[in-house]
Amino acid sequence: MLEVRDLKVYYYTKKGVARAVDGVSFSLKRGESLGIAGESGCGKSTTGMAIMRLVERPGRIVGGEVLLDGTDVLKMDEESFRREVRWRRISMVFQGAMNSLTPVYTVYQHFKETLKAHGAYAGEEEAREITVKMLRMVSLPPEVADRYPHQLSGGQKQRVAIALALLLSPEYVIADEPTTALDVIVQAQIINLLKELQEKGMSIILISHDLGVISALSDKLLIMYAGKAVEYGSAEKVLRNPAHPYTKMLLEATPRVSGGELRWIPGSPPDLTNPPSGCRFHPRCPLAKEVCREEEPKMVEVENGHWAACHFT
Amino acid sequence: MLKFVVLSLLLIASILTFLNPPLAAVAWLALVALGLKKDRALTLKILTRVANAALVLLAVLVITVAMFGGTIAEIKKEMIISEVKRWVMSQPQLVQKLGPKVKEFIAQQAERLIKAEGLDRPWYENLPYYLSTVVTLELRSQVLRSNTGSQLVRDITMERLPRTVLLFTTATIISAVAGILLGLVAARKRGSFVDKFVTFAALISASFPMWWIGMIMIQIFSYGLNLFPSGGMTSVPPPKELLAYLSDLLYHMALPLTTIVLVSFGGWAYVTRSILVGATKEDYVLAAKARGLAERVILLRHVLRPSLPPILTMIALSLVASLTGAIITEIVFNWPGMGLLYWEAIETLDVPVILGLTYVFTLVFVIAMLILDILYIILDPRVRG
Chain G
1 MLEVRDLKVY YYTKKGVARA VDGVSFSLKR GESLGIAGES GCGKSTTGMA IMRLVERPGR
61 IVGGEVLLDG TDVLKMDEES FRREVRWRRI SMVFQGAMNS LTPVYTVYQH FKETLKAHGA
121 YAGEEEAREI TVKMLRMVSL PPEVADRYPH QLSGGQKQRV AIALALLLSP EYVIADEPTT
181 ALDVIVQAQI INLLKELQEK GMSIILISHD LGVISALSDK LLIMYAGKAV EYGSAEKVLR
241 NPAHPYTKML LEATPRVSGG ELRWIPGSPP DLTNPPSGCR FHPRCPLAKE VCREEEPKMV
301 EVENGHWAAC HFT
Chain A
1 MLKFVVLSLL LIASILTFLN PPLAAVAWLA LVALGLKKDR ALTLKILTRV ANAALVLLAV
61 LVITVAMFGG TIAEIKKEMI ISEVKRWVMS QPQLVQKLGP KVKEFIAQQA ERLIKAEGLD
121 RPWYENLPYY LSTVVTLELR SQVLRSNTGS QLVRDITMER LPRTVLLFTT ATIISAVAGI
181 LLGLVAARKR GSFVDKFVTF AALISASFPM WWIGMIMIQI FSYGLNLFPS GGMTSVPPPK
241 ELLAYLSDLL YHMALPLTTI VLVSFGGWAY VTRSILVGAT KEDYVLAAKA RGLAERVILL
301 RHVLRPSLPP ILTMIALSLV ASLTGAIITE IVFNWPGMGL LYWEAIETLD VPVILGLTYV
361 FTLVFVIAML ILDILYIILD PRVRG
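Here the protein sequences come in this chain order: G and A. First residue of the first sequence: 1, per the numbering used here; consecutive thereafter. First residue of the second sequence: 1, per the numbering used here; consecutive thereafter.
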């Protein structure tokens with residue numbers, strides 16, 4: 001069970017404090033998958049980084065808990081978190097994972113050093129065997145092991161990044177925009193690959209701005225806007241019956257194969273160092289009234305297992 | 001296995017080049033043949049670089065020889081005439097003996113010397129002679145001599161080179177090691193007090209001219225406090241005993257060495273810091289951290305290792321530059337190295353010495369670039385293609 005409670009990540013910049021993630025909560029049972037959606041800069045990626053404890057200065061996790069089977073991993077000391085949790089229990093496929101391989105090492109060397117870092121290295125022969133096995137899992141031929149990153153295509157690098165994420169059989173994998181910057185065919189292949197892993201019982205936290213990709217993969221859905229969670233619940237309920245105007249608009253802005261008019265959301269996300277008062281979405285919201293400007297809406301349960309933060313639900 | 005064979009062949013061929021040129025030629029040819037058979041693209045790449053290097057050398061030599069035609073040749077002729085005049089006039093008996101024919105005699109003597117130095121011909125006619133002698137450094141100087149009295153440019157250069165190496169190469173190694181370590185510390189603690197201090201000190205250090213700091217050092221430590229000698233390499237006369245000689249040398253080296261290190265370590269620290277800070281921001285460094293690698297491993301394998309090519313380039317180029325010494329600094333400290341030799345050659349318009357030095361400097365530079373090219377191929381898989 002992975003539980004995130006009231007997570008807050010602030011960036012202390014010269015312009016002021018940017019509240020990139022401001023009180024986000026969700027929970028995920030083993031085997032369940034969660035999709036986090038929202039526009040660029042809404043704090044989705046930062047949430048993922050915070051769970052891995054990879055937020056770098058000037059950012060800092062200023063509050064909240066990340067409970068992994070009841071233990072708050074944010075309170076662990078860096079060294080034991082690195083050894084026991086990072087990559088071993090929660091791993092990650094990065095946004096632009098194509099650049100996550102170091103250019104001077106072969107694919108095999110990446111696997112080997114990761115095994116070594118977690119005390120799972122038992123000789124050259126075994127490490128090679130494991131590497132080839134992992135590569136096969138993501139449909140890559142064994143020769144890839146001895147290639148350098150620049151000798152691989154974007155899709156191949158993405159597969160290697162996924163294979164690396166699966167190396168230590170973690171319980172949770174955070175996939176941050178795993179298909180962005182890939183062509184459509186490779187995108188579909190990667191989505192199918194993630195689906196297969198999910199069927200094998202792996203929990204995936206999929207971060208994307210593409211609701212289409214997310215709806216194909218997630219059991220639960222978290223919609224974020226300007227650092228806040230605006231809607232959260234089972235994917236089916238949220239998609240069928242969106243309660244927050246932002247979710248509705250986001251859905252209308254997602255292209256569909258069946259056609260239909262494509263809408264966009266006027267305006268752009270606010271400056272996080274100086275967010276709007278009350279509901280952060282009110283300047284762009286068609287339903288906004290006086291109360292939205294004055295009072296911040298709380299998360300309320302609109303139906304069983306479906307929450308939204310809007311005054312008009 | 002193949003790598004080992006190629007590398008050892010390379011080494012043997014390089015050594016033979018100095019000991020036995022004909023045998024070396026055979027070794028080089030064998031190496032090229034082996035390379036062409038095993039990895040055609042790479043061998044051709046290296047051969048192209050070698051050809052480029054040779055072309056650069058040739059161009060530099062032609063330009064230098066050409067520069068000695070025209071105005072400089074005229075100045076040189078005037079110098080020779082006045083020299084001969086002074087020599088004749090300083091011998092009253094000779095002047096008396098010649099009587100009215102003295103002007104004619106001077107003109108004759110000057111003419112002979114001008115012919116001997118090839119000054120009566122255009123520069124391109126002198127080119128073949130210079131080129132053929134410069135490559136083997138068989139050139140004979142016109143004015144300068146080595147301490148042993150030799151006029152061979154090779155002897156003169158080889159006498160000066162060790163002295164410059166002793167001072168400048170040592171100083172370069174010290175500043176490189178100190179600067180790189182400081183840069184490393186600063187980059188690791190980016191934004192901290194240590195980082196700000198190193199950056200500040202580095203900028204101060206790098207912005208003063210070496211010779212100016214040298215003069216200040218002499219003013220303070222030599223004339224002011226009377227702690228160190230103001231110049232020279234050894235006392236006059238130098239101590240006979242080895243141990244005493246070495247300590248005398250170190251005593252004379254102290255001021256110039258400190259000066260060079262003071263003005264150069266800052267640049268090293270600053271550039272190293274910039275390279276490493278840039279390298280730390282790469283996506284793959286974050287990815288390595290995410291994979292749970294220890295911080296030390298990340299620093300060594302994912303930050304330092306990919307940054308090696310630019311750092312090695314700096315090291316190689318600085319070492320090469322250290323061989324040429326520094327003209328003004330050597331004058332300030334009266335250090336009889338390559339820089340001072342260059343100055344003496346320019347002052348006396350000793351064309352063969354200037355030519356020889358230019359050739360040697362260009363040669364070591366070109367060789368360093370070649371070695372760097374090969375190092376890049378070893379260090380960066382992307383260059384291997």
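Take these hints with a grain of salt, some might be off.
What the hints assert, rightly or not - Taking lysine-lysine and the DSS-like style, the derived pairs with C-alpha atoms no more than 30 Å apart in a straight line are: (1) Lys75(G) to Lys189(A); (2) Lys281(A) to Lys14(G); (3) Lys195(G) to Lys248(G); (4) Lys103(A) to Lys14(G); (5) Lys15(G) to Lys195(G); (6) Lys196(A) to Lys116(G); (7) Lys85(A) to Lys101(A); (8) Lys15(G) to Lys196(A); (9) Lys8(G) to Lys75(G); (10) Lys298(G) to Lys29(G); (11) Lys116(G) to Lys195(G); (12) Lys115(A) to Lys14(G); (13) Lys37(A) to Lys15(G); (14) Lys103(A) to Lys115(A); (15) Lys281(A) to Lys75(G); (16) Lys116(G) to Lys85(A); (17) Lys8(G) to Lys29(G); (18) Lys8(G) to Lys289(G); (19) Lys289(G) to Lys29(G); (20) Lys8(G) to Lys281(A); (21) Lys101(A) to Lys15(G); (22) Lys112(G) to Lys189(A); (23) Lys97(A) to Lys85(A); (24) Lys101(A) to Lys8(G); (25) Lys133(G) to Lys29(G); (26) Lys195(G) to Lys29(G); (27) Lys281(A) to Lys112(G); (28) Lys101(A) to Lys115(A); (29) Lys76(A) to Lys103(A); (30) Lys45(A) to Lys76(A); (31) Lys133(G) to Lys200(G); (32) Lys248(G) to Lys112(G).
If you're looking for bench data, these hints aren't it; they were derived computationally from the structure.
### Task
Would you list, in rising numerical order, the hints stated earlier that this structure does not obey?
4, 5, 6, 12, 13, 16, 19, 21, 24, 30, 32
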